[in-house]
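Trainee: As a plain string of letters, each chain reads:
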Amino acid sequence: MRASREVGIAGYGAYVPRLRVRTADIAAAWKVRGAAAPAVAEKSVPAADEDVVTMAIEAARTALDRAGTGLQAIGAIWVGTESKPYAVKPSATIVAEALGITPHVVAADMEFACKAGSEAMQAAVAFVGSNMVEAALAIGMDTAQSKPGDALEYTAGCGGAAYLFAAAADSLAVVEASVSHVTDTPDFFRREAAHYPEHGGRFTGEPSYFRHTLAASRRLLAEVGSEAKDFAHAVFHQPVPKFVEKAAAELGFTRRQIRTGLVAPRMGNAYAGSSLLGLAAVLDVARPGDRIFFCSYGSGAGSDAFSFRVTERIEERRRGPSVVDYLERRRLVDGYGHYLKLRGKIRRS
Amino acid sequence: MRDVFIIGAGQTPVGEHWGLGLRELGAAAIRAALDDAGIETVDALFAGNMLGGAVNGQENLGALLADAAGLLPAEACKVEAACASGGAAVRLAAQSVGAGIHDVAVAVGVEKMTDAVSEQITVGLATASDGDYEASHGLSFIALSALLMRRYMHETGAAREDFAPFAVNAHRNAASNRNAMFREPISGEDFARSPQVAAPIGVLDAAPVCDGAAAVVVCAREALLPAHRAVRIAAAAAATDTIGLAGRADLLTLGAARRSAEKAFRASGFSPRDCDLFEAHDAFTIITALSLEACGFAPRGEALKRAAHGCFARGGCIPLSSCGGLKARGHPVGASGAYQVVEATAQLRGEAGPNQVAGARVALTQSIGGHGSIAVTHVLEA
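Residue numbers (this note's numbering), protein chains in the order written: chain A, 1088 to 1436; chain B, 415 to 796.
None of these hints come from the bench; they were simulated from the model. Hints should not be assumed to be uniformly reliable.
[Stated by the list, open to error] Computed, partial: chain A to chain B, Cβ under 7 Å:
id, residue
1, 1287
2, 1288
3, 1294
Even glycine gets a Cβ: it sits at the ideal position worked out from N, Cα and C.
For reference, chain A alone in the conformation it holds in the complex (with noise of 0.2 Å):
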């Protein structure tokens, strides 16, 4: 897909709590014995006052000073998240509130598991590549759920990106085009009113994270006549590393190539904002002229992929906290316990 009109990324901002789970404290309270050691070291858990909207606040107000646009050309945000803190009514509007880019402005939340964030990515380049609007925010942030005990409790973070879309002229990274591929697959899902998501155990490898995120990618490749040695950086969904190492060796990209934004082995993995928090990683320390491979992944199921191609303007733009500073400052939090109740797991009525 492409817009009418050339769209790029004018800034871009990550966040991750500073807080940090080891995995082997969540198994030490589960006596899980003879288990192969857990994919991530340690995961990124929200203190007590951070949430979704608390989140996308901190990485919208770096992308938007780093993007230097005038808050009255904003005119669209979406949030992309699984773990909204109201089950009805918008993060949207409050981040827009705080962001001052209120009253006229476009505003939603997007609801599609892991590939939210960058579903808002899509939104936004359509939106301004049909000249709707001057400027859209997508954001992808999450808290990520996962049922105490469970295996995705050992690798469920928290943490997103922000990216500000605009007119190429303006942009840091400009968009070459983008594809989606969606299928119903129930891989991963929460019924209303369950207060923890299920999946289907391996059912979310092969027929689901690695079918939507190769064929998203093979067609993105034919979209832009690239193969993977074109690029200079890849940025994959990380559920965990190794689903990220198999899925980029399928499609022929290097371990030099995927190394940059696979923050996963760091921080676990931040669902919806997971895939935006590799991209701006990889903004982080991109050249210009270095093209980014990027493909999400939400179960449900579907992916989007996007080519990007960095601007000369990337330097200039590459103001205040980076991934890296974020994946550094870090503190552990005191054990399963604390844990538990920092993300609202112990019920107290």
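Chain A is already provided as a structure; the job is to place chain B on it using the hints.
Mentor: This is chain B only, laid out in the frame that chain A set:
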């Protein structure tokens, strides 16, 4: 009874067939068996399956598979005997042809397990045990196996690691079977390190949850053609024991397995000594040991010692699980008994390729359901 011959065998690879259901898997195995036999249709279809109703919401597999495999309007029905369903289907096909009711019949075992989450599978498998006195009290299928294994270790002084040779042998054999699910060899150390599922059972004691289907076409001597590479079903025997473990005088004697083996040996005129290979019901390593002892391949409490001496490896005194067994070829529960017969047929035809047991003339297969409450044993002769 007329003599009965296997003239066609077919199977799908065992694994996670995300895009295939009971219909596609079952029909694929049936068509492969018919092609192998060089025939178009049969008089009757017996479909072995355990979890279709509980897990897939699909009963009436006789009609489903007769239709899907192009066998209408042949007589057809589902055969259910827990994990022995596949073996029971083969026996019923042999019985109907042997009794002169049909001239040509096909037996298929089919199971589709990967569409369900593991909790559903655990509940489904528990229906093979005693619903009133075991399952409803929270005893899962694997927990009951763990009780048997604990008792075996208690009585014989065996350690958990002593069960390793069964799993190591199964994985080694599966490595060269292109239809097997696990084609990676494992070591005794891998076995010892594998995470516990229900102590003392670890992951590598247990067969995997998977999908698959296998089928054989059987016929009477009158229907044999020169082109058929026929294998004779020298005996097909079944027996039962108490459905609950609590009712048994001796937990470590699988009565149904022993009685069905005795009947099969008596009917065929063969003895354990005459067998060139044994396809055992190795769903858990403890069941392998108990099945070997029930069939007379080891005295009570001695199976692990014989295993330690390599008796059950390829080239040993009685090669076990020659194509990987339930443990490593995979255990699509209601299909496993049919896979055993398909693999034994390949061995007796000399068509088992890298898995061939040299000079195999007589094979024993044993399919066990519900912790030995039901067992079906076949003696096949080249």
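Trainee: Are the hints correct? Go through all of them and say.
Mentor: Hint check results:
Against a cut-off of 7 Å between C-beta atoms, the interface hint on residue 1287 of chain A holds, since the closest Cβ of chain B lies about 6 Å away. Hint on residue 1288 of chain A holds. Least Cβ distance to chain B is approximately 6 Å, under the 7 Å limit. With a least beta-carbon distance of about 4 Å to chain B, the hint placing residue 1294 of chain A at the interface is held under the 7 Å criterion.
The structure meets every hint from the earlier list without exception.
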